[in-house]
Amino acid sequence: MLIGAPILQLFIFGYAVTLDIKHIQMVVADRDRSCESRELVGSFLRSGYFDLRGRVDSPADLDRPLEAGEALVGLYVPQDFSKRLARGEPAPVQLVIDGTDMNSAGVAGGYAAALIAHYAAAGGPAPPLTHQPRIWYNPGLRSMNYMVPAVICMILGTVMTAVTAMAVVRERETGTLEQLVVTPIRPAELMLAKTLPFAGIGMLDVALVIVLARYWFGVGLAGSLLLLLASSAIFLLTTLGLGLFISTLSRTQQQAMLTAFFVLMPSVILSGFLFPIENMPQVIQWLTYLIPLRYFVEIVRGIFLQGSGVAILWPQLTALIALGGTIFALSAARFQKRLG
Amino acid sequence: MSAGRLLALADKEMRHLLRDPRSLGVALLLPVVLLVLYGYAINFDLKQIPLAVYDPDRSRESRDLVESLTRGEHFRLAAVLAGPGEAEAALQRRQVKVALILPEKFAADLAAGRATSVQTLVSGADSLTASISLSYLEAMLQDWWVRRGPAASGGSLEFRRVSPQVRIWYNEDLASVNFIIPGLVVVILMMLAALLTSQTVVREREQGTIEGLVVSPVTGSEVVLGKLLPYVGVALADVALVAAAGALLFHVPMRGDALLLLALTLVYLCAALGAGMLISVHTGSQQVAFMLAFVGTLLPTILLTGFVFPVSSMPKALQMMVQLHPATHFMVIVRAVALKGVGLGVLWPRALALAALAAALLGASIKGFKKTL
Numbered sequence: 001m002l003i004g005a006p007i008l009q010l011f012i013f014g015y016a017v018t019l020d021i022k023h024i025q026m027v028v029a030d031r032d033r034s035c036e037s038r039e040l041v042g043s044f045l046r047s048g049y050f051d052l053r054g055r056v057d058s059p060a061d062l063d064r065p066l067e068a069g070e071a072l073v074g075l076y077v078p079q080d081f082s083k084r085l086a087r088g089e090p091a092p093v094q095l096v097i098d099g100t101d102m103n104s105a106g107v108a109g110g111y112a113a114a115l116i117a118h119y120a121a122a123g124g125p126a127p128p129l130t131h132q133p134r135i136w137y138n139p140g141l142r143s144m145n146y147m148v149p150a151v152i153c154m155i156l157g158t159v160m161t162a163v164t165a166m167a168v169v170r171e172r173e174t175g176t177l178e179q180l181v182v183t184p185i186r187p188a189e190l191m192l193a194k195t196l197p198f199a200g201i202g203m204l205d206v207a208l209v210i211v212l213a214r215y216w217f218g219v220g221l222a223g224s225l226l227l228l229l230a231s232s233a234i235f236l237l238t239t240l241g242l243g244l245f246i247s248t249l250s251r252t253q254q255q256a257m258l259t260a261f262f263v264l265m266p267s268v269i270l271s272g273f274l275f276p277i278e279n280m281p282q283v284i285q286w287l288t289y290l291i292p293l294r295y296f297v298e299i300v301r302g303i304f305l306q307g308s309g310v311a312i313l314w315p316q317l318t319a320l321i322a323l324g325g326t327i328f329a330l331s332a333a334r335f336q337k338r339l340g
Numbered sequence: 341m342s343a344g345r346l347l348a349l350a351d352k353e354m355r356h357l358l359r360d361p362r363s364l365g366v367a368l369l370l371p372v373v374l375l376v377l378y379g380y381a382i383n384f385d386l387k388q389i390p391l392a393v394y395d396p397d398r399s400r401e402s403r404d405l406v407e408s409l410t411r412g413e414h415f416r417l418a419a420v421l422a423g424p425g426e427a428e429a430a431l432q433r434r435q436v437k438v439a440l441i442l443p444e445k446f447a448a449d450l451a452a453g454r455a456t457s458v459q460t461l462v463s464g465a466d467s468l469t470a471s472i473s474l475s476y477l478e479a480m481l482q483d484w485w486v487r488r489g490p491a492a493s494g495g496s497l498e499f500r501r502v503s504p505q506v507r508i509w510y511n512e513d514l515a516s517v518n519f520i521i522p523g524l525v526v527v528i529l530m531m532l533a534a535l536l537t538s539q540t541v542v543r544e545r546e547q548g549t550i551e552g553l554v555v556s557p558v559t560g561s562e563v564v565l566g567k568l569l570p571y572v573g574v575a576l577a578d579v580a581l582v583a584a585a586g587a588l589l590f591h592v593p594m595r596g597d598a599l600l601l602l603a604l605t606l607v608y609l610c611a612a613l614g615a616g617m618l619i620s621v622h623t624g625s626q627q628v629a630f631m632l633a634f635v636g637t638l639l640p641t642i643l644l645t646g647f648v649f650p651v652s653s654m655p656k657a658l659q660m661m662v663q664l665h666p667a668t669h670f671m672v673i674v675r676a677v678a679l680k681g682v683g684l685g686v687l688w689p690r691a692l693a694l695a696a697l698a699a700a701l702l703g704a705s706i707k708g709f710k711k712t713l
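Chains as they are written, first to last, in this note's numbering: chain A, 1 to 340; chain B, 341 to 713.
The set of hints was computed from the structure by calculation and includes no laboratory data.
Incorrect hints may appear among the rest.
Below, a list of computed lysine-lysine pairs in the DSBU-like style, where the Cα atoms sit at most 35 Å apart [to be verified]:
no., chain 1, residue 1, chain 2, residue 2
1, B, Lys352, B, Lys710
2, B, Lys445, B, Lys387
3, B, Lys387, B, Lys352
4, B, Lys707, B, Lys352
5, A, Lys22, B, Lys656
6, B, Lys707, B, Lys387
7, A, Lys194, B, Lys710
8, A, Lys83, A, Lys22
9, B, Lys387, A, Lys22
The whole structure should be built from the sequences, with the hints applied where relevant.
Printed below as a string of C-alpha cells:
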C-alpha cells in the first residue's frame, strides 16, 4: 500500500492534471451563411482549439447546449454580416461563453479574440500583430512538470503522518502499549522504533517517485539529488513528529484519524501545491508560514524545475529544520509523559 | 430483510457515535470550518497581475497599447524596465509575473503595414496561472489590434471590421468563488463520508466484536445499511451547515430548485458513504482502511473530478475512468443547479449515473460483508 499508492498517484496525476484547454465545444448560429461567415467559422474550427458540437438556426437556440454543459462557447453571426463587411461598416459577431469555469472561459475568450483578430486582418497584405510568448523553466507549460514533484510532497506530508499516528494509537487501543511499557525499553527507544520504519518507507517512496518521474514522465531533476534526499529526510522529521503528536492526543484510532484529517486537509490546500499562496488573504498567508508542507513544496519544485541549490533555498530549509525540530521535541516530551 | 433488525443496528451504531463526542464534533464541524477556510484561501481570480514593460519605442501607439493592457482589472503595471535583459531578474525576484517586451519600431512598423510582434515572458514554474495570464494577454492584445490597428496603420492595411461582442453567462463576473465553493462542497463531503464509514466495519473486526454480529441472525444488507443510517444523518447535518455557509458568507447564488439539489445530495451521500463502506468491508485494519479512503479520495477528488481541472482536457481513457467517480457527476450537478438554474430535464443523465454508482457501491459492500471470521 505504502509503495503502491505513490506510484498510482504519480501516474494518474501526471497525465490528468492540465489547464491546457483544448477541444472546446462550440455551437454556431450562422444566419448569414455567406462565404465570409463560413470562412470565419472555419478559422475557429481549423485552429485546433475549438470543436464544432453542432449548428443551430437561431441565437435563441444557443441556450440549451450551454445550459446542458454540452458546449462552452456559442458563436452567433448575424444575417447582415457579409453585407456590412462589403460596405466597410463594423460587423458585429456575438460570442456567448459559459462562465461557470472561469479559467476555461478566460482561455476560450482569449483564443476566440485572437482568431477574430486574425480573421479581421486577413483581408490585408501583411500578417497582423503577433504575440510571442516565452516561458521559462517549464517551456511546454507541462502541468506534469508542475505536478509530479508535488506528488512527493503529498505522499510524505499526508499519509506518513496519519499512519504513524494510527500505528501508535492502535497499540494503545489494543493494550499492547502497556505491555511495552513494562519492558526495559526506554520511551525514546520506543519512539524511534515506531517512527523509523515509516521514515524508511517514506525515503523509499521518494526514491521511487524520482526514478519514475525521470524515466517514465521525462521530468528530470534539474538540481541536486542529494539535496532533495536530505530535504526529504528533514521534512520527514516534521510529518512523523506530527503523527506522534496526534497519537498522544487520541485514545482511539478513529479519533487519530479524524484529528489527522483535521490537521492535514488545511495543510494540503494551503501549502501552495495547487492554489497560489499569493492570492490568499493576508491573514491566511501568515498562517501558511506555520505549515511545514509549504516549505517542502517550494523546495521540491525549486530543485526539480529550477535546479535551485542551498544558496536559494536556505530560508525554506531553515524554516523546515526549525519547525521539524520543535514539533518532534514537543511530541517526544508529550509521548514520554503519556508513557511514564 | 427485517426492518426491526436494521433499526436496531442503526441504533447501536448511533450510540457508538454519541459515545465519542469529540469525533462527532469534528465530523459535524470540520466541513464548515474547511469550507470557510478554503473559501477565503482559494482564489483563482487572476486580477491585478503584476506586469513589467519594456517600451523602447515610446510612441503614441506603444503607450496606448500598454495603457489599454493595464487599464482593466487583469494587469497592473508593476515595473518599467530599462532593458530587455532586466525581465528575467524581475521575474525571478517574483516582483512581476509577466514581462512585456515591445519592439523598437512598433509605431513605424504598424504605419508601414509590416509584420510586428510583441514578446512576453512568463515563468513556467507556476504553470497554472501562467497559461491563463497568457490567454488574457493574447485576448487584450488582439482586442487592441482590432480597434486601433486600422487607424495605426494609416489605411495601409485593409481590415475587415469584425467586432466581437462577448457575453459571459451564469457567472458574469467570472468570480472564482462561484466555481470553487460548490466544488469544495462536493470534495469535502466525499472525503468526510468515505473516511467516516471506512472505519465502521473494520473497527469491529479489529476489536473482535464482529463475532457477535456474525453469530446473530442479521444479514449483510442489514449490517451495511444499519451502519450507514447514522452517518447519513451526520452527513445531512453537514450539508445543511455547509450550504448555509456558502450562501451567507460567499453569496454563491442558488438559481435552481433547492429541493432537487437536496434529493441529489442524498443520492451522492449514499454513494460516498457506500465507497467508504466498501473499503471497510474489505480491509483488515483501520490503518489500511484509512489510508485507502484518504489516498483514494483526497487527490483523485481534488484533481480528477472537474473541481479545478476540466475533465474534457484529460486524455480520453482517463475521462472515461473518472465517470466511475461519484464526485465527477455531482460536481456538474451542483454547479449546474446553483449557477445555471437547470433542472432534471437537462441533468437526468448525470443523476442516473449517480444513482447507479450509489446502488453499485452499496450493493458491493453488502455482498462483500461475509459472515465469517
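Each hint, compared with the structure:
Under the criterion of a C-alpha separation no larger than 35 Å, the hint pairing Lys352 (chain B) with Lys710 (chain B) is consistent with the structure, at around 20 Å. The straight-line distance between the Cα atoms of Lys445 (chain B) and Lys387 (chain B) is roughly 30 Å, inside the 35 Å bound, and the hint therefore holds. Annotation: proposed proximity of Lys387 (chain B) to Lys352 (chain B) is violated, straight-line Cα distance about 53 Å (limit 35 Å). For the hint linking Lys707 (chain B) to Lys352 (chain B), the alpha-carbon distance of about 22 Å falls within 35 Å, and the restraint holds.
Among the hinted pairs, Lys22 (chain A) with Lys656 (chain B) is consistent with the structure: their alpha-carbon atoms are about 12 Å apart, no more than 35 Å. With a C-alpha separation of about 52 Å, the suggested pairing of Lys707 (chain B) with Lys387 (chain B) is violated against the 35 Å cut-off. The suggested pairing of Lys194 (chain A) with Lys710 (chain B) holds, with an alpha-carbon distance near 33 Å, which does not exceed 35 Å. Of the supplied pair hints, the one linking Lys83 (chain A) and Lys22 (chain A) holds, its CA atoms being roughly 33 Å apart against a limit of 35 Å.
Our distance criterion of 35 Å between C-alpha atoms is met by Lys387 (chain B) and Lys22 (chain A), whose separation comes to about 23 Å.
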